[in-house]
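K.L.:
Sequence:
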Amino acid sequence: MPQRRRKQEVVPMHMGKIRRMPAMGNVLRVHPVSQEQGRSAGMRLINSPTTHIFRQLFTGHNYMNALHRTLALAIVAALLSVPFSGCIGGNQGDAGKAALAASLSANPISGKAPLKVTFEIEGSDASGLKEWKLTYGDGSSDGASVSGGNFSAAKTHTYESAGTFTARLIVTNSAGASDAKTKTISVNNSGGSSTGSSGGSGEPPAPETLVYKPSRQSLSKLDLQGKSRIVLPEGDYACLPVLAPVFKNFGINVSIGWNPGDGADIQGGDASRFSSEIAVTFWEGNCSNAIVVDSYENALLAGPLASIINAPVLYYGTTTNEALWRIGANDSNEIIAVGNVPYAVKTKVSLQSQEKIWECTIAAAKQKGINLNYVAVVNPNDDTSNKFYTSHLSAFGSILAAHRNGLVVSTNGISEKTNAMIKSVADKIECANLNLKFICIIGDYAAVQPGGWITDDSWGESALSDDDNPCPSDNPYADFDDDNATVECANGRIIAKKLSDMSKYIDIMVNYKSYLSNPKKDASPNPVLFGSDWNNNAMTYFATRTEYMTLGAETATNNIFRASSFNTQDDSAQAHCDVENILGITGMLLAPDFAKSNFIAMMSDHGYPGGCSVDAEDLVDMPPNVLFASSCSLGRIDFENYDWAGKPFTKDMSFTFTLLEKGMAAYFGATRTTWGYVGELPDNPIYGYEDQGVGGAQGMGYLLYKHLINGDLTTGEALMNAKNQFISESADSSKELIAWEYQLYGDPAFNPYEPCNEGK
Numbered sequence: 001m002p003q004r005r006r007k008q009e010v011v012p013m014h015m016g017k018i019r020r021m022p023a024m025g026n027v028l029r030v031h032p033v034s035q036e037q038g039r040s041a042g043m044r045l046i047n048s049p050t051t052h053i054f055r056q057l058f059t060g061h062n063y064m065n066a067l068h069r070t071l072a073l074a075i076v077a078a079l080l081s082v083p084f085s086g087c088i089g090g091n092q093g094d095a096g097k098a099a100l101a102a103s104l105s106a107n108p109i110s111g112k113a114p115l116k117v118t119f120e121i122e123g124s125d126a127s128g129l130k131e132w133k134l135t136y137g138d139g140s141s142d143g144a145s146v147s148g149g150n151f152s153a154a155k156t157h158t159y160e161s162a163g164t165f166t167a168r169l170i171v172t173n174s175a176g177a178s179d180a181k182t183k184t185i186s187v188n189n190s191g192g193s194s195t196g197s198s199g200g201s202g203e204p205p206a207p208e209t210l211v212y213k214p215s216r217q218s219l220s221k222l223d224l225q226g227k228s229r230i231v232l233p234e235g236d237y238a239c240l241p242v243l244a245p246v247f248k249n250f251g252i253n254v255s256i257g258w259n260p261g262d263g264a265d266i267q268g269g270d271a272s273r274f275s276s277e278i279a280v281t282f283w284e285g286n287c288s289n290a291i292v293v294d295s296y297e298n299a300l301l302a303g304p305l306a307s308i309i310n311a312p313v314l315y316y317g318t319t320t321n322e323a324l325w326r327i328g329a330n331d332s333n334e335i336i337a338v339g340n341v342p343y344a345v346k347t348k349v350s351l352q353s354q355e356k357i358w359e360c361t362i363a364a365a366k367q368k369g370i371n372l373n374y375v376a377v378v379n380p381n382d383d384t385s386n387k388f389y390t391s392h393l394s395a396f397g398s399i400l401a402a403h404r405n406g407l408v409v410s411t412n413g414i415s416e417k418t419n420a421m422i423k424s425v426a427d428k429i430e431c432a433n434l435n436l437k438f439i440c441i442i443g444d445y446a447a448v449q450p451g452g453w454i455t456d457d458s459w460g461e462s463a464l465s466d467d468d469n470p471c472p473s474d475n476p477y478a479d480f481d482d483d484n485a486t487v488e489c490a491n492g493r494i495i496a497k498k499l500s501d502m503s504k505y506i507d508i509m510v511n512y513k514s515y516l517s518n519p520k521k522d523a524s525p526n527p528v529l530f531g532s533d534w535n536n537n538a539m540t541y542f543a544t545r546t547e548y549m550t551l552g553a554e555t556a557t558n559n560i561f562r563a564s565s566f567n568t569q570d571d572s573a574q575a576h577c578d579v580e581n582i583l584g585i586t587g588m589l590l591a592p593d594f595a596k597s598n599f600i601a602m603m604s605d606h607g608y609p610g611g612c613s614v615d616a617e618d619l620v621d622m623p624p625n626v627l628f629a630s631s632c633s634l635g636r637i638d639f640e641n642y643d644w645a646g647k648p649f650t651k652d653m654s655f656t657f658t659l660l661e662k663g664m665a666a667y668f669g670a671t672r673t674t675w676g677y678v679g680e681l682p683d684n685p686i687y688g689y690e691d692q693g694v695g696g697a698q699g700m701g702y703l704l705y706k707h708l709i710n711g712d713l714t715t716g717e718a719l720m721n722a723k724n725q726f727i728s729e730s731a732d733s734s735k736e737l738i739a740w741e742y743q744l745y746g747d748p749a750f751n752p753y754e755p756c757n758e759g760k
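Using the working numbering, the letters of the sequence shown map in sequence onto residues 1 to 760.
Since the hints were made in silico from the structure, they are not lab data.
Quantities reported herein were computed from a predicted structural model and do not represent experimental measurements.
Heads up, a few of these hints could be off.
What the hints assert, rightly or not - Taking lysine to aspartate or glutamate pairs in the EDC-like style, the calculated list, with each CA pair at most 20 Å apart, reads: (1) K498 - E234; (2) K498 - E617; (3) K356 - E297; (4) K498 - D621; (5) K112 - E160; (6) K662 - D621; (7) K387 - D621; (8) K221 - E297; (9) K662 - D652; (10) K155 - E131; (11) K504 - D578.
Kindly generate the complete structure, drawing on both the sequences and the hints.
P.N.:
Here it is, written out as structure tokens:
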């Protein structure tokens, strides 16, 4: 990283506007602009006993027609409060073990009196059944004792007079527990059809039967053999989104191309049939709602909703009707149609846009008291032949969103479109009185372009060389106040060389505590690393030709680590065994210590996209640790126009891609050249002393670890706070550029273990 001596001067902070440049998305030129102050909207609360006008203030998103958004969300919440009740809860036990379940269907469900209705009733419980009772809602009933674990029967009943009747089936097991299902039957005197109302009584239209019992059944339940993971081959990426509600509600881990030993290898094959098999495996007899989608994109978008209401996601196809019948979702109130599927014109809930899916998901979350504060941004068309990037990382979008209680945002990958979609979903979340905290981009630049580029040196003295121009950043995606140097949301980007690497990364996020070697701090910190105690270890170092400005940064960061009970080791001696790893000696010495450490601070080093004193080829398998690198371009992931030693640079040579491949949980790197700050004396410990100021990339690293540890924050929150404090307090005239180019590669909602919090 270039280092240069600067005066301790404060440069006025710039604000930015974004304009469009063809084929590259948003390009940033820095101009002073006024800060958005927000808008307000007046409304009278529905059902309020007063006629007062209430004002709700919206800030930071440049709202247009905020009143319309607020009322629209309220209407959606009211409309969608009923259909989800049938799926709340669900079976939390083993997938292959049949829990107590009742199933009730009726045909027809409406018509003129006298109306003859056939009821198909079923019940099952592996522990044994005792009895069933069917009440028809008009004073009549049937019932019988049961022996064994299941039964089925057909009962016929005639309704002689007009009215709306609720038939109710109660199945009781040998332990005295019961399960119930109901159907509404509408009878009129005017010859109404199955879609008619109940004789003008003011009741809503009766639900219409859309799915009937199949003449034959072809679906079999998946044999998971007691496994706790479903593993798909890489070619079956489109099957992954339908597993989001399985993962969330049944505790089944999912992955592609990676089986750590706890998984059942399943061939997904046809995505529609696979989704039907998943539905009957986990929901047969246990649920009366289902979501039917027409595309991979809509499966991704619907995954969070399905996870909240505990319902299967079905790709529409030849086996869909059988699956719907077997799980008990067969009428217009029980099927949620997403996209162009045959049920869309008759179902009560038909979602025909991304925005409607968001609104429906938010309403369902509000009903269950879930705080949606996370969005996973994906490009469903991320199938690329570009060797620099990786296809189909989008498949993990709904899994991660379900894990973090969030939404999926679909984009075409162009930064301008992506930014607009993020701001749109943020509007809807805030209109629901929720708070968006985390934005996670899933995919590399071929899938989702960076939020913007800097094309001049408005931030810093000749900050951008020809090789650095333009300088990318995801800051604009998290910018809600029109100052692109600062961010108002924690954001990060997850990339991977292969889908199997992505699977390992998601497993770290989901099962992080299982990776800890010793989830309790040591009695007292030590100045050396203990290999068997990685999560209580931290290391720092500075490398050759950076000595003149590093002492203060490393000392202050070491002090933070030690005060937080880390065993903290200084590897600067190892980093000086070879100038910039020319002979490969420093890489061999430092990489094994990376694998022993939780927090790693590379406080000063010279770098390029392939490495520094440690190159990508030196890295070994690591625990899920956290690394901040002050070196130049170590966070660069766009390589199309980048050559190294006369040959094209690829993701296999990349330091960033390889860190995540080897197991790292969070990496903070710069997309282009970084700059150091030096006080009047080379050994002046300016870092950590507020009256001296905080400067350079090393100052950013110091603040990052300070917020991460002392605030017990997530990695994304710590970087957000570090950037904003750095902009406010640094005396470095390149501070805006440094805050712009530093990116988190990893999940911004990840909160790592520190000895001071002991994993809590």
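K.L.:
If a hint holds in the structure, say so; if it doesn't, say that too.
P.N.:
Verification of the hints:
no., hint, in the structure
1, K498 - E234, "9 Å, holds"
2, K498 - E617, "17 Å, holds"
3, K356 - E297, "14 Å, holds"
4, K498 - D621, "16 Å, holds"
5, K112 - E160, "9 Å, holds"
6, K662 - D621, "5 Å, holds"
7, K387 - D621, "24 Å, violated"
8, K221 - E297, "26 Å, violated"
9, K662 - D652, "12 Å, holds"
10, K155 - E131, "15 Å, holds"
11, K504 - D578, "33 Å, violated"
Taken one by one, the earlier hints fail for this structure at numbers 7, 8 and 11, listed in ascending order.
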